[in-house]
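J.: Got chain A; can you put chain B on it based on the hints?
Residue-level listing of the chains:
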Amino acid sequence: MRGQDSADGGSGMERGGSIREILGRGGLDGTEGSGGSGGYNFAYLDEDTKREIRRALLKAVAVPGYQVPFSGREMPMPYGWGTGGIQVTASVIGPGDVLKVIDQGSDDTTNAVSIRNFHRALTGVATTSETRRATLIQTRHRIPEAPLREGQIMVYQVPLPEPMRQLEPSELETRTLHALNEYGTMYLKLYEDVARHGEIAISYDYPVMVAGRHAASPSPIPRFDNPKLDRSPALHLFGAGRERRVYAIPPYTIVKSFDFSDHPFRIQSWDRACEICGSADSYLDEIVTDDRGGRMFVCSDSDHCQERVKRAGTGESGSVGPTATGNAGSTPSGSVGPAPSGSVGRGGKP
Amino acid sequence: MNEKPVLSASRVSCLYGSKAGCLDVSLEVFPGEILALVGESGSGKTTVLKAVSGQLKPSAGKVTYRDGQGLELDVHGLSEGRRRLMLRTELGFVHQNPRDGLNMAVSAGANVADRLLSGGERSYGRARSKALDWLDRVEIARDRLDDRPGLYSGGMLQRLQIARNLVTGPRLVFLDEPTGGLDASVQARLLDLIRELAAGLRLAAVLVTHDLAVARLLSQRLMVMKEGRVIESGVTDQVLDDPHEPYTQLLVSSILDS
Chain A
1 MRGQDSADGG SGMERGGSIR EILGRGGLDG TEGSGGSGGY NFAYLDEDTK
51 REIRRALLKA VAVPGYQVPF SGREMPMPYG WGTGGIQVTA SVIGPGDVLK
101 VIDQGSDDTT NAVSIRNFHR ALTGVATTSE TRRATLIQTR HRIPEAPLRE
151 GQIMVYQVPL PEPMRQLEPS ELETRTLHAL NEYGTMYLKL YEDVARHGEI
201 AISYDYPVMV AGRHAASPSP IPRFDNPKLD RSPALHLFGA GRERRVYAIP
251 PYTIVKSFDF SDHPFRIQSW DRACEICGSA DSYLDEIVTD DRGGRMFVCS
301 DSDHCQERVK RAGTGESGSV GPTATGNAGS TPSGSVGPAP SGSVGRGGKP
Chain B
1001 MNEKPVLSAS RVSCLYGSKA GCLDVSLEVF PGEILALVGE SGSGKTTVLK
1051 AVSGQLKPSA GKVTYRDGQG LELDVHGLSE GRRRLMLRTE LGFVHQNPRD
1101 GLNMAVSAGA NVADRLLSGG ERSYGRARSK ALDWLDRVEI ARDRLDDRPG
1151 LYSGGMLQRL QIARNLVTGP RLVFLDEPTG GLDASVQARL LDLIRELAAG
1201 LRLAAVLVTH DLAVARLLSQ RLMVMKEGRV IESGVTDQVL DDPHEPYTQL
1251 LVSSILDS
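Taken in order, these protein sequences are the chains called A and B. Going by the numbering used here, the first sequence opens with residue 1, and the numbers climb by one from there. Going by the numbering used here, the second sequence opens with residue 1001, and the numbers climb by one from there.
Excised from the complex, chain A in its bound form:
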């Protein structure tokens, strides 16, 4: 979408050629990695494929929340490891981008490291863990705590793009329901939750209404992050590799979480703060620290946490440090049902 200008027809494989050729065109700011091995096109995908995905993305941006089919390619990793997100990233990345990759909020988990290495090896772009510096952020399971800004692109890895799939197994039927704006099914799921648990118990992948028209899955982010999508200045792109769908939430789009008038949408909250940086308003992970029931609650967004610690160290912001004693057994209040995956341990597979 930005940067690399290559949609002028012809065979990209031959013309786009090696990474060195593209690197030679300049526009790189501080490469961390060296260019990848020869023989691969810039960002792995050939230019025709990237163009096809960009076309699907343009359509997705034009119809916010609508799932656009695209011809998903085989990627050098299994489905479920983020093939959709990687294809979207590869299609929109340009040599001038600064890339951040997070998994469960952290830049250091296995998947995040591998995907970041993959992109760096095949594009040579600069990478960062700082949300503020990044122009392109590929993510799984979280939206960074630091506010996003105009010009940034978030790319989400989506396992199940269809929010009604659980109650309506037929793709033909769900497409009809989307087309006719019939979203009674969404409320059926909420009704079941309230009847069974006394509240809406969806803790992640909480369905949203995009621009008042299309119901969409926000991907498995905690419902804590849903409000960050509403009128966000950044562009949000969603890629589902196995299901071969992309969809988008353009900047400043109204995004509303489904709820009942007498059971309104609420985000998770904790009765404690992060034990490393003391943040009281970020999404906390519960980390098991020993085999005797010891555990601690820390920010899920590792960059946000480190940033706060660093700033406190240089005296830029207020008090930092453990403000709550790490008693075992405390759980996030207001979260019934399955805990957000990854709340215990890090870096696992979905």
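Worth double-checking, as some hints may not be accurate.
Label pairs and their calculated CB-CB ranges [claimed, not checked]:
| # | chain 1 | residue 1 | chain 2 | residue 2 | range |
| --- | --- | --- | --- | --- | --- |
| 1 | A | Ser-114 | B | Arg-1142 | 48 to 58 Å |
| 2 | B | Lys-1057 | A | Arg-133 | 29 to 39 Å |
| 3 | A | Thr-110 | B | Ser-1129 | 42 to 52 Å |
| 4 | A | Pro-69 | B | Glu-1196 | 45 to 55 Å |
| 5 | A | Asp-271 | B | Gly-1125 | 21 to 31 Å |
Just so you know, the hints here were simulated from the structure itself, not pulled from any lab data. Here a beta-carbon is modelled for each residue, glycine too, at the ideal position from N, C-alpha and C.
T.: Coordinates of chain B only, in the frame set by chain A:
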């Protein structure tokens, strides 16, 4: 009758390939009236029901529904969205097998609330209290509200399906063998219930059945079908007590005498 019909079908024919499912069937249903379609299996009853309820587009003929505002709608000429909206608000369809008409993956309460939520109800409390109210009316114990329908007996499932259809206050209900597969005592209670509800709500209904006893109990008018055509029609008691067509005579004698 000086009222206008809720539903009228004129010369409806449905062809399955070169074979006819129904031929030249015309019918009218008036508010508060139950019309029965009887005949042996394969005579085209269900085909007619599907055609007049908008689920099967007939090869020829026209089906007209008159909505609450007195507006005449060509059922098969409507946009799909409008037709589906009509199917889940103003019309009801009770299947012979309740599993076809219920969502077995969600609780009984959700099944009843479904049509309310689809219709734009956004208050959980209201949807739930209406569902509870309807369980009462179809004589299902209140404490079964949050059970999955899979835990219900056959008769309860059928009553639940009726509640699910009636919760939005439809004006016209299609009943496809509603008592099929139920034992005699359960059948009797269900028939009582349907009769009471229909009379109380001034429901119009088209009832398909092969059981003449059910037709006699529920319907005011009757149409006898054979090989896709209507061969005799009239007031139910009259047709059953004094059948004119040889086929109807055969049907009446074979069933009522037993």
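J.: Hint by hint, say whether it matches the structure.
T.: Verification of the supplied hints:
Distance hint check: the CB atoms of A:Ser-114 and B:Arg-1142 are about 55 Å apart, consistent with the given range 48 to 58 Å. At roughly 60 Å, the beta-carbon separation of B:Lys-1057 and A:Arg-133 lies outside the given 29 to 39 Å, and the hint is violated. In this structure, A:Thr-110 and B:Ser-1129 meet the distance hint of 42 to 52 Å, their C-beta atoms being roughly 50 Å apart. For the hinted restraint 45 to 55 Å between A:Pro-69 and B:Glu-1196, the CB-CB distance of approximately 51 Å keeps it satisfied.
Between A:Asp-271 and B:Gly-1125 the CB atoms are about 28 Å apart, so this pair conforms to the stated range of 21 to 31 Å.
Hint check: a violation occurs at hint 2 only; the rest are consistent with the structure.
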